[in-house]
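Starting from the given sequences, assemble the full structure and let the hints guide the process.
Residues 1 to 123 (the UniProt record's numbering) are what the sequence shown spells out, left to right.
I should point out that these hints are in silico values taken from the structure, not numbers from a laboratory. The beta carbon of each residue, even a glycine, is placed where N, CA and C say it ideally should be. Hints should not be assumed to be uniformly reliable.
Said to hold, decoys possible - Label pairs and their computed distance ranges (CB to CB):
hint	residue 1	residue 2	range
1	Gly112	Asp39	22 to 32 Å
2	Arg9	Arg64	14 to 24 Å
3	Arg25	Glu86	17 to 27 Å
4	Gly113	Gly42	26 to 36 Å
5	Pro43	Tyr17	12 to 22 Å
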Amino acid sequence: MTIGSEQPRTFSGLLEYDLVSWSQRTCIEVEIWALPSQDLTGPAADRARETVRAALAEVERFGRAKTVSFALTMHRGGLRLTVADEGAVKPEEEVRGRRTTTGLTISRIPGGGTTIGAVIRVS
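So, in structure tokens, the structure goes:
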């Protein structure tokens, strides 16, 4: 997908626009595994997009990833975010500090790579 002159109007369309923009800027490929079919607006949509940006910032800052797998799905009263990459992992002490300030759960994968997760309340 390339970015056109007009921004999308649906929540999933905006997320896809954000992901493509980030991918083009960072040269990190994004595999989109799932986007929510339910439209989301207002503060809940803003919160969700901000959480996605925080997760992508973690990948960009520390991951050294070439590819990122992305899924955002509806989950009992909220959205479940999963971002996984194969990049180098950072020391656990740094991970612990970031976990508390961003609300993200960051897990190291044995053998390399990182999985970032979050549950985003929408109600």
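Hint by hint, here is what the structure shows:
{"no.": "1", "hint": "Gly112 with Asp39: 22 to 32 Å", "in the structure": "violated (37 Å)"}
{"no.": "2", "hint": "Arg9 with Arg64: 14 to 24 Å", "in the structure": "violated (35 Å)"}
{"no.": "3", "hint": "Arg25 with Glu86: 17 to 27 Å", "in the structure": "holds (20 Å)"}
{"no.": "4", "hint": "Gly113 with Gly42: 26 to 36 Å", "in the structure": "holds (35 Å)"}
{"no.": "5", "hint": "Pro43 with Tyr17: 12 to 22 Å", "in the structure": "holds (19 Å)"}
Checked against the numbered hints above, the structure breaks hints 1, 2 and satisfies the rest.
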